[in-house]
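Chemist: Read off the chains here:
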Amino acid sequence: MLKNTLFETLQKVRDAKPLVHNITNVVVTNFTANGLLALGASPVMANAVEEAADMARIASSLVLNIGTLNPQTVDSMILAGEAANEQGIPVIFDPVGAGATPYRTETAQRIMRELKISIIRGNAAEIANVVGEKWEIKGVDAGRTNGNIADLAITAAEKLNCIVVITGKEDVITNGRTTYVVANGHPLLTKVTGTGCLLTSVIGAFTGVEKDLMQASVAAVSIYGIAAEKAAELTVESGPGSFQIEFLNQLSKVASDDINLYASIKK
Amino acid sequence: MLKNTLFETLQKVRDAKPLVHNITNVVVTNFTANGLLALGASPVMANAVEEAADMARIASSLVLNIGTLNPQTVDSMILAGEAANEQGIPVIFDPVGAGATPYRTETAQRIMRELKISIIRGNAAEIANVVGEKWEIKGVDAGRTNGNIADLAITAAEKLNCIVVITGKEDVITNGRTTYVVANGHPLLTKVTGTGCLLTSVIGAFTGVEKDLMQASVAAVSIYGIAAEKAAELTVESGPGSFQIEFLNQLSKVASDDINLYASIKK
Amino acid sequence: MLKNTLFETLQKVRDAKPLVHNITNVVVTNFTANGLLALGASPVMANAVEEAADMARIASSLVLNIGTLNPQTVDSMILAGEAANEQGIPVIFDPVGAGATPYRTETAQRIMRELKISIIRGNAAEIANVVGEKWEIKGVDAGRTNGNIADLAITAAEKLNCIVVITGKEDVITNGRTTYVVANGHPLLTKVTGTGCLLTSVIGAFTGVEKDLMQASVAAVSIYGIAAEKAAELTVESGPGSFQIEFLNQLSKVASDDINLYASIKK
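Residue numbers (the UniProt record's numbering), protein chains in the order written: chain U, 1 to 267; chain B, 1 to 267; chain Y, 1 to 267.
Derived by calculation from the structure, the hints in this document are not laboratory data. Please note that the accuracy of each hint is not assured.
Copies of the same chain look alike in the list, so a pair counts if it fits in one copy or across any two.
Under the rule of at most 20 Å between Cα atoms (straight-line distance), these lysine to aspartate or glutamate pairs were calculated in the DMTMM-like manner [stated by the list, open to error]: (1) Lys134 <-> Glu114; (2) Lys134 <-> Asp54; (3) Lys211 <-> Glu8; (4) Lys253 <-> Glu233; (5) Lys191 <-> Asp15; (6) Lys134 <-> Asp258; (7) Lys12 <-> Asp54.
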């Protein structure tokens, strides 16, 4: 993947301002909306059964996130997902905490079964639990990560028949045939809540303007990590509060030169 | 409207710390509460059917916002609104995303029909959809804005029999007879989620201390815009993350001199 | 209480990263999660009846907060609390706004009656209302505070049979027999929403690593206040927006020397 194509994809987001419909958890709504706005996309959140499908139909992409799931929002996710599937709108899924409780694991598996998901993004434990592999999880954070992440991602892509993005120290993006490893990002991301959730929504924004979903995923993951690296350079001495704010600033400013300088993508 | 009366109205908010009851969406709760605290008001949020009316009765004003509406919160809005109406407590309404889905449009129209709303605030598309005028909307953002906003606001004020505040590049405040155009504010407000919602709650805070609701509305809109301009001066190079934080700082600091220098209000 | 034991307790949090399960209000979810992450703990939020108990069972502590209560989240609190009680996991309760509406007061009293609460934290008005003493409340903020807070705390600890933490200008921590007064903290805490809620969750984090719950409570309250004082030193000129962010920074950095220099604890 050529670095200059990453910036072109970002520029499409900034120009088209795709409407990204998020049905997400109550912890990250504000940060997700502000992150999407900073990137140049247009966020909307509508989680009532009465309107979830209608909102999905007018969106460029749909992002589902089970971080604080309940039966009503799960119903809305299914309705919105079906509407998106009918219209060919990409659906991105974040199985937050799959494996932590049976309800999460079962709901994540149900969503994968009942909807056509284009891309699933999670940490290694979450993805493993969705596909029924054994993997330790601690709350909503990944546990041991000494398994082979790339192997897990490829297995998951084959079983789930979608693009799999596993984030961690390095990020793996695969459709089961082609696999990319992105080494951008910064450990401070783990000290701010919702940075995984926002990445899922950022992938959603990129799929709203780029039909090649592998291209969209790799561009989103790399650019997101670059913004984090740049934010960390300015705030690592200050702490996670300042990092969170500077990260939003940097998301709004990633330039072509930054991508050339920072992007670390291996096939 | 004399500029010195604006500061007096702000000073009343700071002195009386009016209790503003917000039934609002899950994206903006934190930002709204922090914005009201920065301004000097006292925010409270209670959205259960079991207590919405009780909380409204002890508040100085009630703010209703349908950004992430569902049947339960709509029931709570109606109950709280009826209680506020009985006690003569001002009710301010923000029809977020009216026009984006039938559920939003119908709920917004139902709230206007069943409650006595003192002030409605939205973008041009939202207000147009509440009164049944054709206007494009994209998610929860206004679409084309080449219609005549002032005409739309006056028509809406007559049809809805309340004060109408339409915000955009310039902000229009009208009761159908007297119309003000406020030219404060900054484009960075559109890069932070919930700045429209917070403005609605800030108008609510001002109505909690000022019985002349046109005075309250114009003061709130202008002072809010001034805080944004001052925040933008300090953060436009940094980005939307820093702007959001500095905006809260500036809301807590607007001074008499700032109003004299920045206020732009035309009748 | 020796100052060096406070830092040791903090260090245990940073080392063990206890999983703190929060069933809390929609205003403070993000700030609470980020505050716990900054401190070094691992936050999780799960408020559905379908999983609340399962999540509580794997947590190091459970924090219940009725800031935006509704029948479903209250059911989840009871289920999670019962599961925690069975396993001997500490349950910390924040009766936000008790006294403001009958529903809050009754729910707070129900939670105290049906669950074994280890620690309750609130302002004077909230605690007074939970134990049925007369005390004025304004929304979710404490009203008059000219009563004797220490007496109220001791009475409450005896009636409720748990540790009581009353925060205000000074903070009182008592189990009814031993009473500590902590004079750390800063008035800017009252200009940021959710600082009381986050403190309750921080107490939760400390109880996840320290079996002596008085030690855990005093350490949490003092260290929290120290972070606020240090943040205020850097941001008091800027305003509440900057303070909120710097407070997160400082929570991540409290050092042994800070505690020696700032801690103000009287028995």
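Chemist: Find the hints from earlier in the document that the structure breaks and name them by number, from lowest to highest.
Modeler: 1, 6 and 7
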